[in-house]
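Trainee: Here is how the chains run, residue by residue.
Number of protein chains: 2
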Amino acid sequence: MNNLLVAQSGGPTVAINATLVGVLQGVRASGKVDKVFGAKNGIEGAINDNLLDLNELVRDTQALDTLTYTPSSALGSCRFKMKDWREDEETYKKIIDTFKKHDIKYFIYIGGNDSMDTVDKLSEYCKVNNLDYYIMGAPKTVDNDLNLTDHCPGFGSAAKYIATTISELERDINVYDVPAVTIVEIMGRNAGWLTAAAALARVNGGSGADLIYLCEKDFDNDRFIQDVKDMLAKKPGVLVAISEGIKDSTGAYVSDQTSSGAVDNFGHKYIAGAARALEQLVRDKIGCKVRAVELNLMQRSAAHIASETDIMESLMLGQKAFNGAVNGETAKMSAIKRLSNDPYRVEFILVPVSEVANHEKVVPMGWITPEGNDVTDEMMAYLKPLILGETNLKYENGIPKQYRLY
Amino acid sequence: MNNLLVAQSGGPTVAINATLVGVLQGVRASGKVDKVFGAKNGIEGAINDNLLDLNELVRDTQALDTLTYTPSSALGSCRFKMKDWREDEETYKKIIDTFKKHDIKYFIYIGGNDSMDTVDKLSEYCKVNNLDYYIMGAPKTVDNDLNLTDHCPGFGSAAKYIATTISELERDINVYDVPAVTIVEIMGRNAGWLTAAAALARVNGGSGADLIYLCEKDFDNDRFIQDVKDMLAKKPGVLVAISEGIKDSTGAYVSDQTSSGAVDNFGHKYIAGAARALEQLVRDKIGCKVRAVELNLMQRSAAHIASETDIMESLMLGQKAFNGAVNGETAKMSAIKRLSNDPYRVEFILVPVSEVANHEKVVPMGWITPEGNDVTDEMMAYLKPLILGETNLKYENGIPKQYRLY
Numbered sequence: 022m023n024n025l026l027v028a029q030s031g032g033p034t035v036a037i038n039a040t041l042v043g044v045l046q047g048v049r050a051s052g053k054v055d056k057v058f059g060a061k062n063g064i065e066g067a068i069n070d071n072l073l074d075l076n077e078l079v080r081d082t083q084a085l086d087t088l089t090y091t092p093s094s095a096l097g098s099c100r101f102k103m104k105d106w107r108e109d110e111e112t113y114k115k116i117i118d119t120f121k122k123h124d125i126k127y128f129i130y131i132g133g134n135d136s137m138d139t140v141d142k143l144s145e146y147c148k149v150n151n152l153d154y155y156i157m158g159a160p161k162t163v164d165n166d167l168n169l170t171d172h173c174p175g176f177g178s179a180a181k182y183i184a185t186t187i188s189e190l191e192r193d194i195n196v197y198d199v200p201a202v203t204i205v206e207i208m209g210r211n212a213g214w215l216t217a218a219a220a221l222a223r224v225n226g227g228s229g230a231d232l233i234y235l236c237e238k239d240f241d242n243d244r245f246i247q248d249v250k251d252m253l254a255k256k257p258g259v260l261v262a263i264s265e266g267i268k269d270s271t272g273a274y275v276s277d278q279t280s281s282g283a284v285d286n287f288g289h290k291y292i293a294g295a296a297r298a299l300e301q302l303v304r305d306k307i308g309c310k311v312r313a314v315e316l317n318l319m320q321r322s323a324a325h326i327a328s329e330t331d332i333m334e335s336l337m338l339g340q341k342a343f344n345g346a347v348n349g350e351t352a353k354m355s356a357i358k359r360l361s362n363d364p365y366r367v368e369f370i371l372v373p374v375s376e377v378a379n380h381e382k383v384v385p386m387g388w389i390t391p392e393g394n395d396v397t398d399e400m401m402a403y404l405k406p407l408i409l410g411e412t413n414l415k416y417e418n419g420i421p422k423q424y425r426l427y
Numbered sequence: 022m023n024n025l026l027v028a029q030s031g032g033p034t035v036a037i038n039a040t041l042v043g044v045l046q047g048v049r050a051s052g053k054v055d056k057v058f059g060a061k062n063g064i065e066g067a068i069n070d071n072l073l074d075l076n077e078l079v080r081d082t083q084a085l086d087t088l089t090y091t092p093s094s095a096l097g098s099c100r101f102k103m104k105d106w107r108e109d110e111e112t113y114k115k116i117i118d119t120f121k122k123h124d125i126k127y128f129i130y131i132g133g134n135d136s137m138d139t140v141d142k143l144s145e146y147c148k149v150n151n152l153d154y155y156i157m158g159a160p161k162t163v164d165n166d167l168n169l170t171d172h173c174p175g176f177g178s179a180a181k182y183i184a185t186t187i188s189e190l191e192r193d194i195n196v197y198d199v200p201a202v203t204i205v206e207i208m209g210r211n212a213g214w215l216t217a218a219a220a221l222a223r224v225n226g227g228s229g230a231d232l233i234y235l236c237e238k239d240f241d242n243d244r245f246i247q248d249v250k251d252m253l254a255k256k257p258g259v260l261v262a263i264s265e266g267i268k269d270s271t272g273a274y275v276s277d278q279t280s281s282g283a284v285d286n287f288g289h290k291y292i293a294g295a296a297r298a299l300e301q302l303v304r305d306k307i308g309c310k311v312r313a314v315e316l317n318l319m320q321r322s323a324a325h326i327a328s329e330t331d332i333m334e335s336l337m338l339g340q341k342a343f344n345g346a347v348n349g350e351t352a353k354m355s356a357i358k359r360l361s362n363d364p365y366r367v368e369f370i371l372v373p374v375s376e377v378a379n380h381e382k383v384v385p386m387g388w389i390t391p392e393g394n395d396v397t398d399e400m401m402a403y404l405k406p407l408i409l410g411e412t413n414l415k416y417e418n419g420i421p422k423q424y425r426l427y
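So the sequences go chain by chain: A and B. Residue numbers for the first sequence, in this note's numbering: 22 to 427. Residue numbers for the second sequence, in this note's numbering: 22 to 427.
Careful: at least some of the hints might be erroneous.
Note that the list lumps identical chains together, so a pair holds whenever it fits in one copy or between two copies.
[To be verified] In silico EDC-like links for lysine to aspartate or glutamate, alpha-carbon gap of 20 Å or less:
#: 1; residue 1: 415; residue 2: 74
#: 2; residue 1: 256; residue 2: 65
#: 3; residue 1: 415; residue 2: 329
#: 4; residue 1: 121; residue 2: 417
#: 5; residue 1: 115; residue 2: 55
#: 6; residue 1: 256; residue 2: 74
#: 7; residue 1: 382; residue 2: 239
#: 8; residue 1: 422; residue 2: 411
#: 9; residue 1: 126; residue 2: 65
#: 10; residue 1: 255; residue 2: 329
#: 11; residue 1: 102; residue 2: 198
#: 12; residue 1: 405; residue 2: 376
#: 13; residue 1: 415; residue 2: 277
#: 14; residue 1: 148; residue 2: 124
#: 15; residue 1: 422; residue 2: 329
#: 16; residue 1: 121; residue 2: 110
#: 17; residue 1: 405; residue 2: 417
Keep in mind the hints are simulated off the structure, nothing from the lab.
Just chain A, same shape as in the assembly (with noise of 0.2 Å):
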């Protein structure tokens, strides 16, 4: 028996439970696999022996559609970093036994770039000890910043979230004809991807958010006083992106002073509250009418706005990885290559895991204009294709249908 074994890890998105789809028709279509387990929590459901059976939990098709469009891992997630396994051999051993004793032949892993460094470490140990099992990572993020694909599942939708929400939020508050600023901060720590996405809002002839800042560029509270001074004197209502993340040319966080200093397992330090320092500046320096606001975890949960581009994307990225698998890859991570902007086509390709593991791709310079308040054509030209296409989901009693593995 070739059973198979499969996972989610990292902050959640609304496409990760297509991918998991993506594996689960794949197995179905293929042939060759018997039963499919999904660890729960990530990898520590697999270091414990914490498993659900797939096959019993998501038995028909129109539980697979639903699960599909229902946001966030539907089996749970971790943010367990794995040690090398020559430092705690220990870890390694117990998912050995998990697959020994479940005759798991194959394992898929759906996340980030700690996701991918699990995949790369687990693989090595295998190959080093001779170990016969497959181990593919299939990629998840919101923050779009994995190497060595186009892009990342999750982030289309996030992207059609932010700019439906960016042009809703530019009707609100251009009604008044009184000056205001609007700041809307958004996710990402080191890459302005998402961020960008607030110049989507003008797809259909609005302005979107007036002035753009990356967390890329050194952000200068003095310039950005004048950007906004100058947009001021253009219209009353103006409204802001800005990255979660920006910092000063001294690489201090803006969010800094109301940052609460907490780090999560990985290190990352827990950021909050640049909008909400650049609101008290504006109101210092300007004396208008000013709000933040945060888009906070709405813009990685909102499946009701997903991309059915994203959707299908991370559903065949999913078949792929396990394509990949039963075909005797390992260390692989499937990935998406773009081949045209114009019309949009990709295909779908596997990279080597350990040249995306512990990476981040960046926006580009030359994709943020030379003020550093805007993006340029080619980020514009990038982005549009991702946001195209409304899901199929499903309402019931008025709310999004969603399916539940526990």
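Keeping the supplied structure of chain A fixed, place chain B upon it in accordance with the hints.
Mentor: Below, chain B without anything else, positioned relative to chain A:
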């Protein structure tokens, strides 16, 4: 010639343009009105003779359809408080001058209780001075706090956004297996209707918000911390919904420590930060992971998740107000009378605007549980029909189409 003037006022909603469309449809169906003007920025447009020709600007059915689903006041809004005519007759005379100049006989004002105060004062002025104008109100407010109407246009859509968002956040916060508290702050200074909608996330079997605190009931920090601890004993991910306007037993706002202290033109205190204050409290008293989320402007502008029930009722209320005006009514507001919950049936009525102006309808104490941390079945039965139905919103280039009048 008998022309009509229509205007919108107060805070934006996603249904306020549906009511405008209802007026325009009424005009087209009646044949009793020649020209329709829209006053820019509410009553200020009438005072300053700043009008838009809506016969020109909204010509075809497609424009009407797109405008129906466009969020926020397409005519702009204001927060202008009319003084009594005995104190400031000049303003009233300017409005009458505008009426005369454009042969306006009917005026329909779409707004909340401050706008109904304007309708009340202006119609009283016309009556006292024997001026033959028909001044009617059409309701609007996400807060759902207008007197004499079962519920308010805009509320059902905001409630659908909140129910959907809470159900998505429930998925998001439950992926990790560690204790974490998420506190969602929802609009409502004095009326907790919107916060109650957090319970609607339960309609399909979810837990929705685990704890719900409305601003009608005194908020007690110690009881809150005990409630959260009790809930954490049952499950790791605890979701809390609070009204922005929660106050302690002395009437002091929980948010006061982070409030800017600013007030708007109506003397309403600007409140923001109750969730942030409680976030700090949980960090201090419990010490677990905790996050504040504000639904902020999104809850009143998220047209992409509008309730079709709300949009259609909002449209009917515009028609009802228009029909009243051309049938010789004045000083009335169109309103909804609920006939039954299941099946959901309503009728549209006219009510005296003087009994709406300057009143606030808060949540009955009997619809909050005795513990003060949830809502009752009566509240659920009241809310459930209001979020039903999805709109026929059109998308273009991946984001919702909008119709702009200027």
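Trainee: Decide, hint by hint, whether the structure agrees.
Mentor: Here's how the hints hold up against the structure:
1. 415 x 74: neither (25 Å within a copy, 40 Å between copies)
2. 256 x 65: between (53 Å within a copy, 19 Å between copies)
3. 415 x 329: both (14 Å within a copy, 15 Å between copies)
4. 121 x 417: The answer is neither: 42 Å in one copy and 51 Å across copies each exceed 20 Å.
5. 115 x 55: Close neither inside one copy (22 Å) nor across copies (81 Å); limit 20 Å.
6. 256 x 74: Cα proximity of residue 256 and residue 74: none, with 58 Å in one copy and 23 Å across.
7. 382 x 239: within (17 Å within a copy, 49 Å between copies)
8. 422 x 411: both (16 Å within a copy, 13 Å between copies)
9. 126 x 65: Within one copy only: 18 Å inside, 72 Å across.
10. 255 x 329: neither (37 Å within a copy, 37 Å between copies)
11. 102 x 198: Only across copies: residue 102 and residue 198 sit 15 Å apart there, 52 Å inside one copy, limit 20 Å.
12. 405 x 376: neither (27 Å within a copy, 51 Å between copies)
13. 415 x 277: neither (42 Å within a copy, 41 Å between copies)
14. 148 x 124: within (18 Å within a copy, 87 Å between copies)
15. 422 x 329: Cα proximity of residue 422 and residue 329: in one copy and across copies (16 Å, 17 Å).
16. 121 x 110: within (16 Å within a copy, 88 Å between copies)
17. 405 x 417: Between copies only: 11 Å across chains, 31 Å inside a chain, cut-off 20 Å.
When held up to the earlier numbered hints, the structure conflicts with 1, 4, 5, 6, 10, 12, 13 and fits the remainder.
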